Amino acid sequence: MNLKDQLKNDVRFVEGLKACINCGICTAVCPAAQFYDYDPRRIITTVQKGNEDEIRALLTGDTIWYCGECLSCKTRCPRDNTPGYVVQALRNLSIQSGLYTQSERGRQQIKVKRQVGDRMLAYGYCVYIDEIDTKEHPEQGPVWDWYRKNAQSILTRLGANYHGEGAGTLRRISDADMEELRNIFKETGAIKRFEHIEKACHE
Amino acid sequence: MNEDGKKKVWCDYQKEIAPDHYYYARSCIRQNFFPGSEETFLKIVGEVLGKDIYDDPHQTTCTGIAYHSAAIPMETTMTVVARQFSLMNEAGYKNFIPSCVTSFGIYTEMMEVWEHFPETLEKTREQLRNATGRTFRLPENLVHTSDIIYHFKNEIAAKAMYRLVNKRTGKPLRGVEHIGCHYAKIFPVKGLGGAEFPCVLSGMIEAWGGEVIDYPERRHCCGFGFRNYVIKENRGYPLSNTKRKFDSMEPYQPDFVVTNCPGCTFFMDRWQYVIAEMEGKTYGANGMGIPVLTYEELAGLVLGFDPWSMGMQLHQVSVEPLLEKMGILYDQTKKYLGANGEALGRPELPERLKVYENDHPC
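Taken in sequence, the protein lines are chains A and B.
Read left to right, the first sequence gives residues 45 to 247 (the numbering used here).
Read left to right, the second sequence gives residues 26 to 387 (the numbering used here).
In isolation and in its complexed conformation, chain A is listed as follows:
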């Protein structure tokens, strides 16, 4: 199956590309276009033309990874296209096909997997205080070091249930609930994706 047809299997591609008139409003409003060499209009033009080589160039390049997925483009497109959805479909195909390993930005996916994917499977949430330090996140500032150093006492004062059983902020999610979450990840292909990304990294 060619790449254009594979994209059509993604509902985000179908929903995101109806008929682009190339007006450029998406690029005008795009935050990523302000700071990167990035132009959502050109991406849409490329996939709308359907040239296989040009689509392959998108899947192997850095461009599709610049989007911040704020979806400002969805609000403003006068023809109800959503370039952000199309980028999501392109990213998905780049990962599924393994072509993401050919770009520097694409290869960053191993860090996303380890920092977000692994944390969901460990804590049930994408982020958890125990794993965030100011070495990796210097922007957190000195208040974060103080907070982490005194987490148990501060969080108790604030009414949280840090590492506790039952409901509440930063509670420990039960083994039974975590098993359901992991089973969903297994059933829907997330675990397989994580394994492929780790394998590609080691190769």
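Source of the hints: derived by calculation from the structure; they are not laboratory data.
Simulated pairs of lysine-lysine, DSS-like, Cα-Cα distance not exceeding 27 Å: (1) K179(A) with K268(B); (2) K155(A) with K230(A); (3) K257(B) with K243(A); (4) K179(A) with K379(B).
Some but not every residue of chain A turned toward chain B, in silico, with C-beta under 7 Å: (5) L115; (6) S116; (7) R135; (8) Q159; (9) M164; (10) G168; (11) Y191; (12) T200; (13) A211; (14) L214; (15) T232.
Here the structure is a predicted model, which is why all the values come from computation and not from measurement.
Glycine residues also receive a C-beta, built at the ideal position from the N, C-alpha and C atoms.
We have chain A; now place chain B onto it with these hints.
Frame of chain A; chain B shown alone:
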């Protein structure tokens, strides 16, 4: 646009907000970075407003950050969302209120996908059943938690101990409202006021006595950008976006910033610290930054909650200048105490961003 036209547009962007009986879904970022805010919300809705709200121990992430970072397939997100709805069904609730704006976008998007592509709904049902044995029904009402506070803004105003008014001058305090992109930019009809004229936060500010600032980059993204932030070497992107917003709002001299998205609150607080340390540039008075609040914290202050019991000492930008302007009676000596009143030391001082200490910046 004339007034009649405005009213007509406005009518298109009202939405139904259930009056009671809420199933609360927690946020990955808010519970870590602003841990007192979720407790404050539960206290306002449950104790102050007397509504029924359920905090379910079985819930998990919606996977939003992973979804928007391409870390997982879309089917994973759809099935996790379905499980959250199943938990809501099991608990006997019909009104789903997520704390996170990204989550609000995720739930709304998945429901729209199921409607536009019914085969995906069937597949999700099958995958949820295979993975967990569960079934699910959709919520009857899905709104963001900031919509709930907006809905009850006048009740909160009636119970207010403080107003957003400068106690010394008697003039309204001037607030910047920043709305998370996924609140209304993806689905404008799902946001109060739509994407162009969102009123969810401006309505709170005005109901509580303040004045809303309009500035050129008001609707610009904070720059979170998901994998643009998660990956350290990409963080120039969120930083640049936030700097653009602060450069734009600076001439209007805001007394505070309030946001409805946990990520936006975090970035607008912390990037002020980074900009100060990197460039020596600060946006507030006396070398301090502009206080950035969650809407829960803003409502809590108006209601007279203690700022340190809401966790406002965990902001990197000092909030005391706002407390002083509002005339709030607070005890500075309790800022850095622990659960049993024990002294926990204090955070190190940044090199350049001034921190409020002992009635003056240092």
